[in-house]
Amino acid sequence: MKLSILVNEGPYQHQAADTAIQFTKAAVARGHEIFRVFFYHDGVNNGTRFAVPPQDDRNITAQWTALAEEHNLDLVLCIAAAQRRGILDENEAKRQGKDGNNIAPGFRISGLGQLIEAGIQSDRLVIFGD
Amino acid sequence: MAEPWEDEPEGPVRKFMYVNRRAPYGTIYALESLEVVLIAAAFEQDVTLVFMDDGVFQIKKGQSTEAIGVKNFSPTYRALEGYDVEKLYVSRESLESRGLTTDDLVVPVQVLDKDQLAALMEEQEVILSF
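Here the protein sequences come in this chain order: A and B. First residue of the first sequence: 493, per our numbering; consecutive thereafter. First residue of the second sequence: 9, per our numbering; consecutive thereafter.
Warning: the hint list may mix true and false statements.
Said to hold, decoys possible - The list that follows gives simulated cross-link-like pairs (lysine-lysine, DSSO-like), each with its CA atoms no further than 30 Å apart:
#  : chain 1 : residue 1 : chain 2 : residue 2
1  : B       : Lys79     : B       : Lys69
2  : B       : Lys69     : B       : Lys95
3  : B       : Lys23     : B       : Lys95
4  : B       : Lys95     : B       : Lys68
5  : B       : Lys23     : B       : Lys122
6  : A       : Lys494    : A       : Lys517
7  : B       : Lys68     : A       : Lys494
8  : B       : Lys23     : B       : Lys69
9  : A       : Lys590    : B       : Lys79
10 : A       : Lys586    : B       : Lys79
11 : B       : Lys79     : B       : Lys95
12 : B       : Lys23     : B       : Lys68
13 : B       : Lys122    : B       : Lys95
14 : A       : Lys494    : B       : Lys69
15 : B       : Lys68     : A       : Lys517
Keep in mind the hints are simulated off the structure, nothing from the lab.
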């Protein structure tokens with residue numbers, strides 16, 4: 493089945509972020525195709541490489557990056573949600589006149605149209621959040 | 009003249025439902041849901057909006073947000089008609105339990121009881137709940 497994933501909550505704050513990556517791993521392991529993972533609301537905070545969780549805790553962002561590299565996943569942060577919350581890639585940092593960027597490897601920033609396209613193209617859009 | 013949405017990928021028309029369940033202020037879900045609906049309108053999908061639980065307050069007349077320092081975005085709901093988003097439904101139980109009638113709302117809506125809403129949800133292909 494062709495799946496897309498929507499992550500609506502931030503890491504560590506909310507179980508949804510963990511469940512989303514665990515579900516995605518399980519879906520890939522079962523042979524499902526992941527069309528896209530889209531991060532919205534505080535979910536965009538899953539995509540900052542500047543988060544430093546304690547060493548004895550899981551690193552959710554690093555898990556996404558590794559999963560994306562291994563399975564060529566398309567991890568997309570909503571641009572409007574990301575701008576509000578200070579998540580920038582190199583282009584956005586330049587465009588907004590900011591002195592650095594913090595997007596993690598394997599993620600990209602794009603528009604909400606990518607979420608709608610995921611809804612159109614996928615057999616199921618699976619949503620993680622309240 | 010090229011409109012921005014003309015670059016968007018082609019796809020089948022699907023039935024999208026946006027379920028708005030939260031109060032307009034206090035969390036960002038209502039505002040960011042509205043942003044999704046406005047972007048999604050450009051994709052010319054079959055769009056339905058539902059307001060239920062505290063989500064009915066999103067479209068209540070006479071909102072004044074000056075004292076909380078947040079933008080009042082309720083006038084934007086009146087613009088939805090211009091985007092061909094015309095199927096707006098409100099939960100009868102949610103409206104009545106909050107002492108509201110359709111006269112209290114900024115947009116024309118159809119009132120459905122919970123069984124009718126459930127049947128409407130059954131028809132959908134993609135449901136986004138905020």
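Tested hints:
With a C-alpha separation of about 15 Å, the suggested pair Lys79 of chain B and Lys69 of chain B falls inside the 30 Å cut-off, and the hint holds. Taking the CA atoms of Lys69 of chain B and Lys95 of chain B, the gap is near 19 Å; set against the 30 Å cutoff, the hint holds. Taken as a hint, the Lys23 of chain B and Lys95 of chain B pair is honoured in the structure, with Cα atoms around 11 Å apart against an allowance of 30 Å. At most 30 Å may separate the alpha-carbon atoms for a hinted pair to count; Lys95 of chain B and Lys68 of chain B meet this at roughly 17 Å.
Proposed proximity of Lys23 of chain B and Lys122 of chain B is supported: the alpha carbons are some 19 Å apart, at most 30 Å. With a CA separation close to 14 Å, the supplied pair Lys494 of chain A and Lys517 of chain A stays within the 30 Å bound. In summary, the hint linking Lys68 of chain B to Lys494 of chain A is not supported, as the alpha carbons are separated by about 39 Å, beyond the 30 Å threshold. A hinted pair counts as satisfied when its Cα atoms are at most 30 Å apart, and Lys23 of chain B with Lys69 of chain B qualifies at roughly 28 Å.
Proposed proximity of Lys590 of chain A and Lys79 of chain B is supported: the alpha carbons are some 25 Å apart, at most 30 Å. This hinted pair checks out: Lys586 of chain A and Lys79 of chain B have alpha carbons roughly 27 Å apart, not beyond 30 Å. The hinted pair formed by Lys79 of chain B and Lys95 of chain B meets the criterion: a straight-line CA distance of about 25 Å does not exceed 30 Å. For the proposed pair Lys23 of chain B and Lys68 of chain B, the alpha carbon gap of about 26 Å is at most 30 Å, so the pair holds.
This hinted pair checks out: Lys122 of chain B and Lys95 of chain B have alpha carbons roughly 17 Å apart, not beyond 30 Å. Between Lys494 of chain A and Lys69 of chain B, the direct Cα distance comes to roughly 42 Å. Violation of the 30 Å bound is thereby established for this hinted pair. Only pairs whose Cα atoms come within 30 Å are accepted, and Lys68 of chain B paired with Lys517 of chain A is rejected, the gap being roughly 42 Å.
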